[in-house]
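Student: Turn these sequences into a full structure, and let the hints guide you.
Each chain is listed here by its residues.
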Amino acid sequence: MNLSLEAAVATFNKWKDERAPLFVFGQNVFQPGLRSVHEGGVDWNISLRGTIAQVSVSPATGSPGACKVMFEGPEGNLSLLINACVFSYSEPYERPPFVKRDPRFETLSCLFLFFPTNEVFAFYELREE
Amino acid sequence: MVISVEEAVAVLNKWKDESAEILVAAESPFRQTLRGIDGQGVRWAVRQRVKVSQVSFSEESRPIRRAIIDFEGPAGNLSVLLTECLIIYGDPREAGREDREEAEATTVSALCIFLPEEEGFHFYELREAI
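Line by line, the protein sequences are chains A and B. Note that the working numbering gives residue 81 to position 81 of the first sequence, counting from 1, and the numbers run on in steps of one. Count along the second sequence starting at 1, add 1000, and that's the number in the working numbering.
There could be a bad hint or two in this list.
[Said to hold, decoys possible] Distance windows between CB atoms, simulated:
{"id": "1", "chain 1": "B", "residue 1": "1086", "chain 2": "A", "residue 2": "41", "range": "16 to 26 Å"}
{"id": "2", "chain 1": "A", "residue 1": "100", "chain 2": "B", "residue 2": "1116", "range": "36 to 46 Å"}
{"id": "3", "chain 1": "B", "residue 1": "1086", "chain 2": "A", "residue 2": "33", "range": "25 to 35 Å"}
{"id": "4", "chain 1": "B", "residue 1": "1014", "chain 2": "A", "residue 2": "1", "range": "25 to 35 Å"}
{"id": "5", "chain 1": "B", "residue 1": "1014", "chain 2": "A", "residue 2": "66", "range": "16 to 26 Å"}
{"id": "6", "chain 1": "A", "residue 1": "33", "chain 2": "B", "residue 2": "1098", "range": "37 to 47 Å"}
{"id": "7", "chain 1": "B", "residue 1": "1006", "chain 2": "A", "residue 2": "106", "range": "40 to 50 Å"}
{"id": "8", "chain 1": "A", "residue 1": "100", "chain 2": "B", "residue 2": "1091", "range": "14 to 24 Å"}
{"id": "9", "chain 1": "B", "residue 1": "1098", "chain 2": "A", "residue 2": "106", "range": "25 to 35 Å"}
{"id": "10", "chain 1": "A", "residue 1": "51", "chain 2": "B", "residue 2": "1058", "range": "36 to 46 Å"}
[Claimed, not checked] Here are a few chain A residues that sit away from chain B, every Cβ distance over 10 Å (derived from the structure):
{"id": "11", "residue": "19"}
{"id": "12", "residue": "84"}
{"id": "13", "residue": "90"}
{"id": "14", "residue": "121"}
Since the hints were derived computationally from the structure, they do not count as laboratory data. In this text the structure is predicted, and so the values were computed from the model without any measurement. Where a beta carbon is used, it is the ideal one built from N, C-alpha and C, also for glycine.
Tutor: Structural data, given as structure tokens:
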């Protein structure tokens, strides 16, 4: 299901308010789907565990405001400017098979962010089992 | 100093053998210096503490040399393909005057990898007890 920017911001804010445990996975191109660098077709993968620390939406000033999402984990953080992204939400959604699973968590949902430049970041909402 | 993929692989293997603590700071698009998400046009920026977990390099991968570097950290992982990229090896003594003291106090060396799609990955070998 595709989401609007406003709906994606609402989802990030909900996850922030709930301090939902998340797993984020990013890569430079989506065309071959989510895959590891070792499978070929992508130049980098990033994965991080953590929570949403901040969602900032600049007040409307006639031009598109800057919507930023700050994600923080233990000894790592990721910030994204999401204005120009296309969003897709799935529930439930399994993580790609090459990602090592943490048996303590199950995946509840996934929010994909697609940048016009082809980069993709997938946010997986987790729940402790 | 611009170095080859082979030379970068040697540095990364050394970091792996020594279990060196690495801080990676990456963003896209990269322009001159790391600017963070508040920099004009920066789409994403990431910082992560990691160690090199695997260096995959084949001497036979001609004509274009390729290496895949895997990093692991407490927060997650990072994998990067080194092929047609610009790689710069840096020494903290080469840092700008305003940053040199901090760079020398906190880092041993740095490897900067610039990919064709404008991503910049900066790997800082940290001194112990940082």
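Student: So, against the hints stated earlier in the document, which numbers end up violated here?
Tutor: Hint check: 2, 4, 5, 8, 9, 12, 14 fail, others pass.
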